[in-house]
Amino acid sequence: MWPSGVLSLFGTEIGLVFLSLGCLVLDIFLPSDKKKGKLLASVGMAGVAALFVHLCCQWGHFGSAFGGSFSQDGLAFFFKLLFLLAGFFTLFMAGEYQHHLERGHGEFILLILLGLTGLSFLASAADFLLLFVSIETLTISLYIMTAYLRGRKTSVEAGLKYLILGALSTALFLYGLSFIYGSTGSTSYAEISRKLAGQALPLSPPFLFGVALVVSSLGFKIASVPFQLWTPDIYEGAPTPVTAYLAMASKAAGFAALTRLMLTAFGPAQELLALLFAILAALTLLYGNLGAIPQTNIKRLLGYSSIGHAGYLLVGLAAFSHAGKEALLFYLLSYLFSTAGAFLVIVAVSSRLETDEISGYAGLSQKSPLLAAGMLLALLSLAGVPPLGGFFAKFYLLWAGMRAGLLWLVVIGALNVITSLYYSLKIVKVMYLDPPTPPSFDGASPSSGGAGPELTVNQKAIQYLTIAGILVLGIWQGPFVRFVEQVFVLTVH
Amino acid sequence: MIGLHHYLVVSAILFSVGLVGMLTRRNILMILLSIELILNSANLSFVAFSAFLGDLSGQAVVFFTMIVAAAEVAVGLSLVILLYRRQHTTGVKAMETLKW
Numbered sequence: 004m005w006p007s008g009v010l011s012l013f014g015t016e017i018g019l020v021f022l023s024l025g026c027l028v029l030d031i032f033l034p035s036d037k038k039k040g041k042l043l044a045s046v047g048m049a050g051v052a053a054l055f056v057h058l059c060c061q062w063g064h065f066g067s068a069f070g071g072s073f074s075q076d077g078l079a080f081f082f083k084l085l086f087l088l089a090g091f092f093t094l095f096m097a098g099e100y101q102h103h104l105e106r107g108h109g110e111f112i113l114l115i116l117l118g119l120t121g122l123s124f125l126a127s128a129a130d131f132l133l134l135f136v137s138i139e140t141l142t143i144s145l146y147i148m149t150a151y152l153r154g155r156k157t158s159v160e161a162g163l164k165y166l167i168l169g170a171l172s173t174a175l176f177l178y179g180l181s182f183i184y185g186s187t188g189s190t191s192y193a194e195i196s197r198k199l200a201g202q203a204l205p206l207s208p209p210f211l212f213g214v215a216l217v218v219s220s221l222g223f224k225i226a227s228v229p230f231q232l233w234t235p236d237i238y239e240g241a242p243t244p245v246t247a248y249l250a251m252a253s254k255a256a257g258f259a260a261l262t263r264l265m266l267t268a269f270g271p272a273q274e275l276l277a278l279l280f281a282i283l284a285a286l287t288l289l290y291g292n293l294g295a296i297p298q299t300n301i302k303r304l305l306g307y308s309s310i311g312h313a314g315y316l317l318v319g320l321a322a323f324s325h326a327g328k329e330a331l332l333f334y335l336l337s338y339l340f341s342t343a344g345a346f347l348v349i350v351a352v353s354s355r356l357e358t359d360e361i362s363g364y365a366g367l368s369q370k371s372p373l374l375a376a377g378m379l380l381a382l383l384s385l386a387g388v389p390p391l392g393g394f395f396a397k398f399y400l401l402w403a404g405m406r407a408g409l410l411w412l413v414v415i416g417a418l419n420v421i422t423s424l425y426y427s428l429k430i431v432k433v434m435y436l437d438p439p440t441p442p443s444f445d446g447a448s449p450s451s452g453g454a455g456p457e458l459t460v461n462q463k464a465i466q467y468l469t470i471a472g473i474l475v476l477g478i479w480q481g482p483f484v485r486f487v488e489q490v491f492v493l494t495v496h
Numbered sequence: 002m003i004g005l006h007h008y009l010v011v012s013a014i015l016f017s018v019g020l021v022g023m024l025t026r027r028n029i030l031m032i033l034l035s036i037e038l039i040l041n042s043a044n045l046s047f048v049a050f051s052a053f054l055g056d057l058s059g060q061a062v063v064f065f066t067m068i069v070a071a072a073e074v075a076v077g078l079s080l081v082i083l084l085y086r087r088q089h090t091t092g093v094k095a096m097e098t099l100k101w
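Protein chains in written order, with the working numbering: chain A, 4 to 496; chain B, 2 to 101.
No lab work stands behind these hints: they were computed from the structure. Backbone N, C-alpha and C define an ideal beta-carbon position, used for all residues, glycine too. Warning: the hint list may mix true and false statements.
Part of the chain A face toward chain B, derived, beta carbon under 10 angstroms [what the hints assert, rightly or not]: (1) Gly169; (2) Ser186; (3) Gly240; (4) Thr494.
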């Protein structure tokens, strides 16, 4: 296997490492200012787009390497595409965000790319050791990025809080892993499931203890109750592109790891875990959606909303064997486009207004119809309004829950759509019905009668891309549904 | 004769001390130290299991853990320094701007 095709299994990872190194070298030789940040962001975006196309051509070229600890299969393929998309959007936002940074313009881009490398390895990890190292590659980059606005108290505070809780979750993961290792004698998923298949069924308590700790550690990543407390604070304090990265990529990373674990190493404990996930899903849904109602800061509100979405995604894990896993992937895809749309607007608005308060969005529809429309579609898709991607994703997921016999959970999920619609429409009302606040800042051209953030061609193009994603996933889902089904057909169990 | 259980009990004690310290200490440096205790309890149980099973891969994990822990602490301490420069304290009270 080694000589011929094995290197091409790592195409994405090798590409990302070289891209990061290239950015590092450029970072050294160019003078440090906003322009360099923008340039590096464009280089990064071009590289990520090229890798995306390259990966698309690799469909079907699957296999495993390094003694089975790295496996390139359907699931890895899907999550790599997802992470590359998330990285693309984040890099664009980082380019637009450069003027908020005082220093380290190039390193910001570098950290995003390094995090993306970790994500890409994580998608393929079929061994706890590789999973651990790739999660840490991602998280340590995120700690630094969260605290990147050194001049702002909130950013440093958010970074430190994220670091303390993240390190705790790492420690729990390792302690749990040591018990899984102790009871099965291996850290490889395939080896563990082979060992467990040979054993009599009541699973040994040390193994279950280990599973519980590893699941709680991943629960921290996906922001599920009872490990959700960090989310609103960190979402509010972090620089906006980083918040978007956390929402789009870090959450998906937790689900990527959990999906693969449920298919392989945790397979024997699936029924037990399904019950646990169902209970957590209900609590997470209620916490996230009810907590979002009184929020006045849009990033904090999206933080609570992202907890709510973790709840929906957990329904997919609870209904894992009944189409829940396909619905989970589809939901992640639709969530990616909706979140990207919302955060692109937040970046564009904050570059003119210097505020993330919802009241600052008053009259946005008159100042910039495209931004208001982008936000409207993203919010409605997040809430789950019919013709949009979010609606079909929720429908698919709750239908899977219904088939798994989780009627009570489906009812809670459906009721929470109403709650999330309420707080989304509150923002829509501010954007469309409230009169614009008098522009108190410089740069407002008096002739245009309002300070519209003027959009560049690129900004418009990316905003249209997310809108297209939201609409296509809602109206023409067929190919995507077949794609996620195919993903599991081509995944090694 | 010292067996696997002795090591696991010590590791469990380290874990509990770390967890309690992390939840009750009011100083960020002490919290970081407590996290190190938990990480090392995991290392200890890895090495114990590895010796018990006669399998070396558990000891390999420990090396990775130590490297990752070092990287995490490097970032953590630099963030504490940032906080100290702004607030002149390393107490958790300094972290109350965002609703915790």
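(Q) Please list, smallest to largest, the hint numbers that this structure does not respect. (A) Number 4 - this is the single hint that the structure violates.
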